[in-house]
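Q: Take a look at the letters that make up each chain.
2 protein chains.
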Amino acid sequence: MNYTEQLGINAKNAEPEIASASTMLKNKALSAISKALTENADLIIAENAKDLQKARENGMSVAMQDRLKLDEKRIKDMAKGVDEIIAFNDPVGHIIEGFTRPNSLRIAKTRVPLGVIGIIFESRPNVTVDASALCLKSGNAVILKGGKEAINSNKCLGEIMRKAVESVGLPADIIQVVDSTSRETTNELMRLNKYLDVLIPRGSARLIQAVVNTATVPVIETGTGNCHVYVDDSADLEMAVDIVDNGKTQRPSVCNAIESLLVHKDCAEEFLPMIAERFKAHDVKIYGCDRTIEILGETVEKATEEEYAKEFQDYIIAVKVVESVDEAITHIRKFGTKHSECIVTKSLENAEKFQKKVDASAVYVNASTRFTDGGEFGYGAEIGISTQKLHARGPMGLNELTTIKYLINGNGQIR
Amino acid sequence: MNYTEQLGINAKNAEPEIASASTMLKNKALSAISKALTENADLIIAENAKDLQKARENGMSVAMQDRLKLDEKRIKDMAKGVDEIIAFNDPVGHIIEGFTRPNSLRIAKTRVPLGVIGIIFESRPNVTVDASALCLKSGNAVILKGGKEAINSNKCLGEIMRKAVESVGLPADIIQVVDSTSRETTNELMRLNKYLDVLIPRGSARLIQAVVNTATVPVIETGTGNCHVYVDDSADLEMAVDIVDNGKTQRPSVCNAIESLLVHKDCAEEFLPMIAERFKAHDVKIYGCDRTIEILGETVEKATEEEYAKEFQDYIIAVKVVESVDEAITHIRKFGTKHSECIVTKSLENAEKFQKKVDASAVYVNASTRFTDGGEFGYGAEIGISTQKLHARGPMGLNELTTIKYLINGNGQIR
Numbered sequence: 006m007n008y009t010e011q012l013g014i015n016a017k018n019a020e021p022e023i024a025s026a027s028t029m030l031k032n033k034a035l036s037a038i039s040k041a042l043t044e045n046a047d048l049i050i051a052e053n054a055k056d057l058q059k060a061r062e063n064g065m066s067v068a069m070q071d072r073l074k075l076d077e078k079r080i081k082d083m084a085k086g087v088d089e090i091i092a093f094n095d096p097v098g099h100i101i102e103g104f105t106r107p108n109s110l111r112i113a114k115t116r117v118p119l120g121v122i123g124i125i126f127e128s129r130p131n132v133t134v135d136a137s138a139l140c141l142k143s144g145n146a147v148i149l150k151g152g153k154e155a156i157n158s159n160k161c162l163g164e165i166m167r168k169a170v171e172s173v174g175l176p177a178d179i180i181q182v183v184d185s186t187s188r189e190t191t192n193e194l195m196r197l198n199k200y201l202d203v204l205i206p207r208g209s210a211r212l213i214q215a216v217v218n219t220a221t222v223p224v225i226e227t228g229t230g231n232c233h234v235y236v237d238d239s240a241d242l243e244m245a246v247d248i249v250d251n252g253k254t255q256r257p258s259v260c261n262a263i264e265s266l267l268v269h270k271d272c273a274e275e276f277l278p279m280i281a282e283r284f285k286a287h288d289v290k291i292y293g294c295d296r297t298i299e300i301l302g303e304t305v306e307k308a309t310e311e312e313y314a315k316e317f318q319d320y321i322i323a324v325k326v327v328e329s330v331d332e333a334i335t336h337i338r339k340f341g342t343k344h345s346e347c348i349v350t351k352s353l354e355n356a357e358k359f360q361k362k363v364d365a366s367a368v369y370v371n372a373s374t375r376f377t378d379g380g381e382f383g384y385g386a387e388i389g390i391s392t393q394k395l396h397a398r399g400p401m402g403l404n405e406l407t408t409i410k411y412l413i414n415g416n417g418q419i420r
Numbered sequence: 006m007n008y009t010e011q012l013g014i015n016a017k018n019a020e021p022e023i024a025s026a027s028t029m030l031k032n033k034a035l036s037a038i039s040k041a042l043t044e045n046a047d048l049i050i051a052e053n054a055k056d057l058q059k060a061r062e063n064g065m066s067v068a069m070q071d072r073l074k075l076d077e078k079r080i081k082d083m084a085k086g087v088d089e090i091i092a093f094n095d096p097v098g099h100i101i102e103g104f105t106r107p108n109s110l111r112i113a114k115t116r117v118p119l120g121v122i123g124i125i126f127e128s129r130p131n132v133t134v135d136a137s138a139l140c141l142k143s144g145n146a147v148i149l150k151g152g153k154e155a156i157n158s159n160k161c162l163g164e165i166m167r168k169a170v171e172s173v174g175l176p177a178d179i180i181q182v183v184d185s186t187s188r189e190t191t192n193e194l195m196r197l198n199k200y201l202d203v204l205i206p207r208g209s210a211r212l213i214q215a216v217v218n219t220a221t222v223p224v225i226e227t228g229t230g231n232c233h234v235y236v237d238d239s240a241d242l243e244m245a246v247d248i249v250d251n252g253k254t255q256r257p258s259v260c261n262a263i264e265s266l267l268v269h270k271d272c273a274e275e276f277l278p279m280i281a282e283r284f285k286a287h288d289v290k291i292y293g294c295d296r297t298i299e300i301l302g303e304t305v306e307k308a309t310e311e312e313y314a315k316e317f318q319d320y321i322i323a324v325k326v327v328e329s330v331d332e333a334i335t336h337i338r339k340f341g342t343k344h345s346e347c348i349v350t351k352s353l354e355n356a357e358k359f360q361k362k363v364d365a366s367a368v369y370v371n372a373s374t375r376f377t378d379g380g381e382f383g384y385g386a387e388i389g390i391s392t393q394k395l396h397a398r399g400p401m402g403l404n405e406l407t408t409i410k411y412l413i414n415g416n417g418q419i420r
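Which chain is which? The protein sequence lines are A and B, in order. Under the numbering used here, the first residue of the first sequence is numbered 6, with each subsequent residue one higher. Under the numbering used here, the first residue of the second sequence is numbered 6, with each subsequent residue one higher.
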């Protein structure tokens, strides 16, 4: 038996205990985790320092080093995140619907945990804690495979959480951090159908594509967002400037940030200079179509299909002037990743058409795409934004970490 | 561009029209399909005869020939099945929940079609019609790949339906029957991520396993059912005989039929002869553990792990005498396929334990597993019984052929 299979067996053995644990016990475990993180801050920072040391040696960019770094403040934030999950409703045992059939058979459609969840992620070590806490609260065992650049931090966080859950009487194996940086282990994890019920990749488009191509375990894709704002000819242009600027510059590295701007030809001449002016504050680089270059001048580089397809996650945007709302919809249909799309308009007809015809998890009229977020929707912490159509779409919270079990009670009914 | 990709493009082009079609128009299309099937019965029977001719030449079993055969009565039943779907509620556009956030952002969580659905199935040509009708009503385009033994029947049914939907003004390409029997086409279909939103295999465990191993398109597994009845020591034994007999013999070829019987040691001596006596009416072959052979005698063949793992789909059953409800649960955990499981008991404690600890889509107390069925649940026609945990579990009706779209309306909100 290899190492990956052993992880699977450990998780499956621990699963029944966490699946049937009471909400009170699970909350006690979360509380113990939160406390242990705070108490072990020095240890975490020391282990994290090893990763940072290696990162510097390997010439990692300063921005990436910053994502990797854990300090007192960030550890406190992680602990606070865990505490917040204590207050969430436990989805397990919820009766979604229930009814009695004509033959007196009583049927209850209930929520149960998914079972064992695999999470494959990159760089940021806080995912180890966030994801574990959400899986624990929803009654699932979890196997976490983080990036090799954070291996010491992740292992340390894992050990602290395992001791914490054990201290309240739950099996440590409900949380396992993969102690391997080999690609082989990742590949084995993706095909561990016997023990894994679902696999959630979190990270770059490249990572997610690799998982989709290799995995036989059911996958929930998260997070690639090539999001657009379309500024209609009837738009309130001041509002459009705010929405486009917010979508692009408020936090460009996240998946609900916008990457492309589509502008109706009849307002392009007025609008493009307005947004270009606003973009100066963040020195946003613009790629554009010929008409955009005509209006904004030679500082704009010519956009090709490559730029329209790209998730920059940076202060960069691709701009296109379009003939109509229909051309905008067609463009989004071609280049969008079905995450979040927005129209700025005063036209009821165009608003309705855009919301009906654009195929995405969230379609906005006159508001920033940055709101596609579990917290902003009022659902609380999330494990990711699903961009696929099966099981979950949009922000995935605790409900999305459960499945259905029909409980059927009779007194001898047969067909 | 190859043939499979062309099918994908056709479907994606037709998708927006069916996705935004009104319920009235979709019902009109269903009505036209139903009428066309009845009117073209002679043509269908003639094409089906070609398949039957070939089947006889290839030495197909009589039972399989019967599954393949279409006659007046079966065509009328197919048409009636389509008519019934007209009466179902259209899930598209349903608002699952809606709320206004503190910043006045209005969020509506709505149901939209999945998009393009691929269905890979075996032998029975009625699936071509059932599945098309369900996909149409739920606003999806469908690509159907049936078994090679039914190719003439499937193509004929496909053509009739395509003409019918065209006659009401919908694009024919919302229904496409794959005109190829090659394995290569099937493999291409399974990796057609660019055009297919979901793949639903219907058929044998072998087919479903092949799809799970090969597909990169998200899959919904359906239908493998290694279902058990556990007869507790406290059971009403007459009731247990009825439930076991019904589960095994009422329709042994379907996925919710039972394949194994577990009996508590304290009632085995009384119960096993009772059920063996009842099984005589259908000449049910019994494989059993040593204790079963002790009680029932040498007519029982020794059961190995192979029999406990097997979905016989026939008048064959594997029997095991167990020490306790816990041993029964452990056995089901090892051999079950998470479809439908049943306990017959008078003990509240054991009933609750069984429903809590057994991991399956439907867990019964004192009723036949044969009720795991869209119609029996009151949900209407189904596209299959999902045995996986993602997206859908148990009978899959129209709701399960949809996904989520969040519609968000604001007046300039930014973060």
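Worth flagging that the hints you see were computed from the coordinates, not collected in a lab. Incorrect hints may appear among the rest.
Remember, identical chains collapse to one label, so a pair may be satisfied in a single copy or spanning two.
Stated by the list, open to error - Derived SDA-like pairs: lysine to any residue, alpha-carbon spacing no greater than 20 Å straight-line:
| no. | residue 1 | residue 2 |
| --- | --- | --- |
| 1 | 199 | 212 |
| 2 | 81 | 71 |
| 3 | 55 | 156 |
| 4 | 55 | 7 |
| 5 | 199 | 338 |
| 6 | 114 | 102 |
| 7 | 40 | 305 |
| 8 | 168 | 45 |
| 9 | 74 | 50 |
| 10 | 114 | 361 |
| 11 | 362 | 320 |
| 12 | 199 | 221 |
| 13 | 307 | 295 |
| 14 | 199 | 311 |
| 15 | 55 | 186 |
| 16 | 315 | 109 |
| 17 | 351 | 275 |
Q: Hint by hint, say whether it matches the structure.
A: Do the hints match the structure? See the list:
1. 199 to 212: between (23 Å within a copy, 18 Å between copies)
2. 81 to 71: within (17 Å within a copy, 68 Å between copies)
3. 55 to 156: within (9 Å within a copy, 63 Å between copies)
4. 55 to 7: neither (28 Å within a copy, 52 Å between copies)
5. 199 to 338: between (37 Å within a copy, 12 Å between copies)
6. 114 to 102: both (5 Å within a copy, 18 Å between copies)
7. 40 to 305: Answer is neither: 52 Å inside a copy and 60 Å across each miss the 20 Å cutoff.
8. 168 to 45: within (12 Å within a copy, 70 Å between copies)
9. 74 to 50: within (9 Å within a copy, 71 Å between copies)
10. 114 to 361: Result: close only across copies, 13 Å inter versus 31 Å intra.
11. 362 to 320: Answer is neither: 29 Å inside a copy and 52 Å across each miss the 20 Å cutoff.
12. 199 to 221: Result: close both inside a copy and across copies, 10 Å intra and 18 Å inter.
13. 307 to 295: Within one copy only: 7 Å inside a chain, 79 Å across chains, cut-off 20 Å.
14. 199 to 311: Between. Shortest inter-copy distance 17 Å satisfies the 20 Å Cα cut-off; intra-copy 40 Å does not.
15. 55 to 186: Classified as within: same-chain Cα gap 15 Å, cross-chain 58 Å, threshold 20 Å.
16. 315 to 109: neither (57 Å within a copy, 32 Å between copies)
17. 351 to 275: So residue 351 and residue 275 pass the 20 Å test inside one copy only (17 Å; across, 78 Å).
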